[in-house]
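Asker: The primary structure of each chain is shown beneath.
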Amino acid sequence: MHPRYFLVASAALAAAPAFANQLAVEVTGISDVRGTLMVAVYDSSETFDGEGKPVAAKRAEVGAGTVVVTFDELAPGEHAVKLYHDANGNGELDRNMLGLPSEGYGFSNNGGRYGPPPFEEARFTVDGDTRISIRLR
Amino acid sequence: MANTALLPFEGEVLALWEGGSAYRVAPDSLETLGLKNWGEGLAHMPFSAHPLPERDGSYWNFGFAPYAGAGGTLVIYRFRPGAGMEAVTPLPLPFPGYLHDFAQTDRHLLFLVPPYRYDPAAGRTFVDRFRWEPETGSRLLVLDKDDLTRRQVFELPAGFVFHFGHAALKGRELRLQLCWYDSPALMASGMTSLVAHGQTVSPTHARASTVVADLGSGRAALETSGTVLEFPGFDERADPAAALLYGAGKAGVAGERPVDTVAAWNPATGAVDEYRYSYGVQAEEPLFVPDDSAKPGRGWLLQTYLDCNAGFTGLNVFDAAAVGAGPLASATMARALPLGFHGTFLPA
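Those protein sequences? They're chains A and B, same order as listed.
Per my numbering, residue -3 is the first one in the first sequence, and the count goes up by one each step.
Per my numbering, residue 1230 is the first one in the second sequence, and the count goes up by one each step.
Hints are computed from structural coordinates only; laboratory data are not their basis.
All C-beta atoms in this analysis are idealised placements derived from N, C-alpha and C, irrespective of residue type, glycine included.
Keep in mind that the hints are not guaranteed to be accurate.
[Said to hold, decoys possible] Not everything, but these chain B residues come out facing chain A in the computed CB check (under 8 Å): (1) Leu1271; (2) Ala1272; (3) Met1274; (4) Thr1318; (5) Pro1319; (6) Thr1573; (7) Leu1575.
[Claimed, not checked] Pairwise CB distance ranges, derived in the manner of DEER restraints: (8) B:Gly1572 with A:Gln18: 27 to 37 Å; (9) A:Ala53 with B:Glu1260: 35 to 45 Å; (10) B:Gly1499 with A:Glu116: 50 to 60 Å; (11) A:Asn105 with B:Asp1335: 46 to 56 Å; (12) A:Asp125 with B:Thr1318: 48 to 58 Å; (13) B:Gly1268 with A:Gly61: 27 to 37 Å; (14) A:Ala16 with B:Gly1572: 50 to 60 Å; (15) A:Pro114 with B:Arg1379: 40 to 50 Å; (16) A:Glu116 with B:Glu1260: 34 to 44 Å.
Use the sequences and the hints to build the structure in full.
Answerer: Structure (C-alpha cells):
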C-alpha cells in the first residue's frame, strides 16, 4: 500500500471510536440545485417537538440528484431528523403569506404532509451504521 | 398534480389546481417549465383552478386555505398579463367552508360557502377532513371588488357547489347561475372512488340553479331546476341577464347513466336545448368558443367525449345556438384518452 493512503486510512480509523454509530441521511427530491441542506438530528420528543437543541446538526451543499449527509458518533437509540433546503441562503426556512414552507423540507419517516410530525411518528432507531432516506417536500 | 384546468398567460399556459401554486407549461409541448411563483411570500399559496377575467384584461382569482385560521383564509388575487401580480388580499372567513370556483358581476366577487367544516382530527386525507354540517345552511358571500373588506353574507339552504356560471345585477337584485348539489357526496366519496378505482358512480347530480339575492334586504333564495348540468360555461360577451348556461348533463336524473349530453339552459325560461349521446358514451366539459360576429351567444361548443363501447375519444363541434341539431363537425382518435376535468381553447 502506498504510504499516503495508509495514513489517510489510519486517520479515519483513529477518528472513529469503538462502537460508533454512523447515521447516513440520504436526501432525495431536490428540484432546486442551489443553496444548502440544513439537517438536524434529535433524540427526544422534548427537543424534536419543541424548539430544543439537536444532538447533531450539519449543513451540506446541494448538488444535482441525491445528497447524503452523515453523522458519526451518535449514541445508539431512538432519533428523529428534520431538515430543510435553504435554497436562497438566507439561513432560514422561508414561508409564504399563510405560513406554509416555500422551500423544501422533510422529516425522518417522510411524514409532515400537514405540518411537522411529532417525534412519535418521525423516530427511528440508530443501531450500528444506519441509513435513512428523506424525500424533500 | 396541477391537473384541474388551464389558463393561457403571457405566452405560456398555467396548469392550475387549487391546493397550491400553478405550474407553467409550454403551450406546444406541454412540457413543465416550473412553479408559477408570483413573488415573495406567494410560492405554494393556494390558487384556484378557476380565475375570472376582468373587462380590463386583468384577472381575479382566489385561493382557499381551510387550515389557516378559525374558518380558514380566503385569499383574493388580482393579476394582469405583462404586469404580474398586482394585489393579494387575505381575508379570514368567519365560518367554515370549502371553495372550488367563484363568480362575478361588474362590481362583486361571489362565493357559495357550503357548511363543510375542515377538521384536521376528522381524517387522514384532505377530503376526509371535511365534515358536513347541514344544520348551518350554506352562505352566499358577496365581496365588493373596489374594497374587498366590504362584504355581505346571505343565508341559503344547505347545499354544495363546485362550479358557477354567470351572474347579473339589476338594481339591487343579484341573479347567480350555478350547479347545485344537495350534499357534498361527490367530493366526499365520489372523488375518493375516482382516485382509487378510476371510476365513480355519481351518488348525486348537480342541477342548473339560480340564487336570487336582494342586496337591499339581505335575503336570498335558491331556485333549482330539474335540469342536470355540470361543467358550466357561458359567453362572456353576452348580457348576463339573458345569457344561456352551457354544460354537460344527463338525459333524465334517474338511473346511473354517465354524463351523456351537451345542453344549453336558459335561466330566464328554464328551456333546455340538448343533444344526447348514445348509450355508453361519456360526455365531458363543453367549451364555448365565440365566433367572429361579436353577436352575444354566437359561437361553438367544443365537447370531448369517451365512447366506452368502441373504445375511443372524440371531439364534437356544436353550433351554440342550435345544440339539439347535433354536431356540425366531429373528429375521433384511434384510441381512448383518460377523462379530464377542464380544458381551454388555444386558437391556432
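Asker: Each hint should be assessed against the structure and marked as holding or not.
Answerer: Status of each hint after checking the structure:
1. Leu1271: holds, 6 Å
2. Ala1272: This hint holds: Ala1272 of chain B lies near chain A, its Cβ roughly 4 Å from the closest one there, short of 8 Å.
3. Met1274: holds, 5 Å
4. Thr1318: violated, 10 Å
5. Pro1319: Since chain A brings a Cβ to about 6 Å from Pro1319 of chain B, closer than 8 Å, the hint holds.
6. Thr1573: Hint on Thr1573 of chain B: violated, closest Cβ of chain A at ~26 Å, above 8 Å.
7. Leu1575: Constraint on Leu1575 of chain B not satisfied, violated at 27 Å.
8. B:Gly1572 with A:Gln18: 27 to 37 Å: violated, 53 Å
9. A:Ala53 with B:Glu1260: 35 to 45 Å: holds, 38 Å
10. B:Gly1499 with A:Glu116: 50 to 60 Å: Distance hint for Gly1499 of chain B, Glu116 of chain A holds at roughly 58 Å.
11. A:Asn105 with B:Asp1335: 46 to 56 Å: About 52 Å separates the Cβ atoms of Asn105 of chain A and Asp1335 of chain B, which means 46 to 56 Å holds.
12. A:Asp125 with B:Thr1318: 48 to 58 Å: holds, 53 Å
13. B:Gly1268 with A:Gly61: 27 to 37 Å: Distance hint for Gly1268 of chain B, Gly61 of chain A holds at roughly 29 Å.
14. A:Ala16 with B:Gly1572: 50 to 60 Å: holds, 59 Å
15. A:Pro114 with B:Arg1379: 40 to 50 Å: Between Pro114 of chain A and Arg1379 of chain B, where Cβ atoms are some 42 Å apart, the hint holds.
16. A:Glu116 with B:Glu1260: 34 to 44 Å: holds, 42 Å
Violated hints for the displayed structure, listed by number in ascending order: 4, 6, 7 and 8.
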